[in-house]
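Colleague: Residues per chain, in single letters:
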Amino acid sequence: MRANRILILVIVSIIVVVIGLILSPRLVTHVTTPITAMTTQAPPTTEEAKTEAIYYGTINGAGATYLNPQMQAWASKFYELTKGRVKVNYQSIGSGAGQANFREGLIDFAGSDPPLKKDIYNEFQTKGGIIQFPVIVGTIVVVHNIPNVDSGKLKLTGEVIARIYLGEITYWDDQRIKELNPDLDLPHEKIIAIHRSDGSGTTRVFTAYLSKVSKDWKEKVGSDFTVQWPVDQLGNGVGGKGNEGVAAAVMQNQYSIGYVETAYAHEVGLKTALIKNRGGQYVLPTEKSVKSALTALTSILPKADEDWSDIFPDEIVDPAGPDSYPITSFSFVILRQKYDDPVKISLLKEFFEWVLTEGQKKENIVPGYEPLPPEVARIGLEGLKLLR
Amino acid sequence: MRWSVKGMKVFYAVLIFFTFTSLIIIAGIAVSLITVSSPIFMKYGLDFVLKSVWNPVTEDYGILPALLGTLMTSTIAILIATPLAISLAVFSSEIIPQRFRSFMNSISDLMASLPSVIYGLWGLYVLAPILHNYIMLPLHNYLGFIPLFSTKPTPTNLFTAGVLLAIMIVPFASSIVREAYAAAPYNLKEAAYSIGMTKWEVTKITLGYIKSAIFAGLFLALGRAMGETVAVAMVVGNVPNIPKSLFDVGYTISSLIANQFPNAQAYEYMVPALYGGATLLFLVGLIMNLVGLYFVRKVMIKS
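These protein sequence lines map, in sequence, to chains A and B. Going by our numbering, the first residue of the first sequence is number 13, and it counts up by one from there. Going by our numbering, the first residue of the second sequence is number 5, and it counts up by one from there.
Chain B with its partners taken away, still in its complex shape:
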């Protein structure tokens, strides 16, 4: 008895130590983001967020195009990735034969762990031309009157970046959904089958049951999409303009950082400007997560 109390104490001490370590790391990141980026906010104030310019020659920086580009590419990514990730999860837990399941799952997990530069190169050399010739050009030619498709596309643009991001986050999101799907109580399914429901209906019920996990998975995936640097930098077109259509070349905050950081120290305000971008990304991520949490709570209370 005595021993186990001591064990408990040690356990708690270790737990508290590690919890505080990670809290301190997160706080440290926030603090350093704010302190390093403060010069740019002091110099330009809110203008830094609302301006569309990136001119190192005159040290004039505004992050708006990159911010909008980030929001746009991650929206495209999540819109495409959601159905794909859920389908993949259901396919690998319901339809595929048992003995191939672990094989398929490990392939999908392997995809999630591929370095993003590989996705970037593949996106640049393979995905971009295919999207350009078979999807973007036809859309522009036949539906160009819709503002969304009005720009004559080049192979690398915001849409390509969004699609590439979708492909990159599908394995990640689907693995979370899959785990949740597997953890759904078996009674639920058995009960559903026993009253004569079809597989489709049972799947629907199970998916409804794990709604909050699906949300959580997608929000994590969204975070990854917003933070992706190298892969996006290769396919987004890297032009700091405010996007007017899906097919415009653009920038994201993360790809701006990937592009500009190596030589940023040669300037007085570029490092603060890039950190300023990172701070905004941090804030956007925080807001997204809070909104996400709110939705998850709402869903949980309902069910």
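Only chain A is shown next, with the shape it has when bound in the complex:
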């Protein structure tokens, strides 16, 4: 009896260990969410702070999750550079919540994928004004999981992508996709369209692009943090929470299509699709195509203290230029023009001036993000002069 029990126990524990071993490597290889830890440094001695610094303190920001890894990297680098004099706290709580907290005066700056909406901008105008400026460039890629088609081979147009998410193109061998890809052997399989389920700036930009290139999309769906995906109603859509959720869904569902931030697609090795730009070329987000898009955009961007809501993202997406990547966008930082505490103003100025100059150098940019061209960085630098 006793021997039996021990035997059972041994068998059970062996099974548990074996299952654990089988499952653990999968878990390890797939969980690739970037973990950005703040460098925990010893605080500076008071002597150091006195000799080197005029101002010291903490600035608090919150907002866009997309901006988070880069903001943490900047914050910890700046903390190091100033020898602990300036500490930047950034909480990744989402663009909407960041803007709401900023409106209530709970934080010093907001990070946000879209700039302020018109009515909120106007509300701030009566209360001393704000400045808002891009701090980093982000691109969105369309990814797919067709087993026999390699990354960077599938060609799509904005119109076709819109028709897929509208639920009008349901099979990969649809004539409208075949036409674009005469050399590919596309299977007769249902397209599973993956999208973000959480409200996100990524969806806002992606749907702005679809609205711009497809009249039907603009009329039936529109553009927002979350939209009502027509493909869902046909039962061919799946929502994933966050980039990691979309990436996992694309990897697990054969014959699916999805959209994620470029950094994320590279990190987990998703297959990307070429998108036709306004110049008629099929492009991927490369350094060249992003630069071309930004050059085309520079002339239309407003000043930091102006309203950006008419421009972003509807005018930003699908820019002119023969090489431009069509789904290129910015993440913003929003500041008030007036702060009660003069020290805070100095700290904010110091930090964001660094972010817009040194912070844009390759060594300070987290892989997957693209630095701002100097002309765009200047918008923020000019804006910072308005702080008082």
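Some hints here could point you the wrong way.
Sample of chain A residues at the chain B side, in silico, Cβ under 10 Å [claimed, not checked]:
| hint | residue |
| --- | --- |
| 1 | Gly213 |
| 2 | Trp241 |
| 3 | Asp244 |
List time: in silico DSSO-like cross-link candidates among lysine-lysine, alpha-carbon distance up to 30 Å [to be verified]:
| hint | chain 1 | residue 1 | chain 2 | residue 2 |
| --- | --- | --- | --- | --- |
| 4 | B | Lys55 | A | Lys202 |
| 5 | A | Lys167 | B | Lys156 |
| 6 | B | Lys156 | A | Lys190 |
| 7 | A | Lys129 | A | Lys165 |
Derived list of chain B stretches under chain A, where covered just means 3 residues or more per stretch with a C-beta under 8 Å from a C-beta of chain A [what the hints assert, rightly or not]:
| hint | stretch |
| --- | --- |
| 8 | 46-59 |
| 9 | 88-102 |
| 10 | 129-139 |
| 11 | 157-171 |
It should be emphasised that the hints constitute simulated quantities derived from the structure, not laboratory data. Glycine residues also receive a C-beta, built at the ideal position from the N, C-alpha and C atoms.
Take the given structure of chain A and dock chain B to it, following the hints.
Modeller: Below, chain B alone, put in the same frame as chain A:
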């Protein structure tokens, strides 16, 4: 004597203070749920509960798919978790050798205290593909004519969420059952053994004796299943459709809140809509608990 009377008074004062504090907190939650959610009920009335739409662009919200999804996933979870939790409790109190018992129990309790995002990631990357390849696809291929299995499954769907929830609540439910099992009077077991009953029969009698505790444990676990946010959001598929089969992608109220709350303040009616969902969840939980209490009473009176 005098001292102990004074001690009593202090004791009662403290007791009343803390009781009222928790009552006030609960009442406050109910009140704030109702006040914050009232705009959405004013705007759409009962339509909010009966509509199947989630369109922030036009600020049109209906919670029915998420409500049905909540009921469906928690039903799946409780159906799977009940036998597992009871078996685990019996196994750890009857069968496993004494010296391994506390080890096993602490492992099971540790499972109950794991953060749910861990379960969510595990569910997404490990559980979902396994269920998809070895359970859902075969069921769909061979038994697809049954409406329950009629949808061609994707790895993340209501069924996956239900199974993940079951796994999450088993340790919790089984720990309550286990405590109750241990508290069953020893005389009962001895008497049963003395008339020559087998271990199986004695276990049956003990389980019968602690029926109400089992119910209570399962209802608590059900409450957890309904309220689970992040883990479900990762595996449920997050599509606001009315579920037509087990394998449909869907939504639950809690996962809808987890998904949509961070940007909800950018809209006029989304925060009320999400609070409206929470209010409904609160009501459903209340009804479930009342039904549960009714059953427990009935069982208690019988025995």
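Colleague: Confirm or reject each hint.
Modeller: Status of each hint after checking the structure:
no.	hint	in the structure
1	Gly213	8 Å, holds
2	Trp241	8 Å, holds
3	Asp244	4 Å, holds
4	B:Lys55 <-> A:Lys202	28 Å, holds
5	A:Lys167 <-> B:Lys156	28 Å, holds
6	B:Lys156 <-> A:Lys190	25 Å, holds
7	A:Lys129 <-> A:Lys165	38 Å, violated
8	46-59	holds (count 3)
9	88-102	holds (count 3)
10	129-139	holds (count 5)
11	157-171	holds (count 3)
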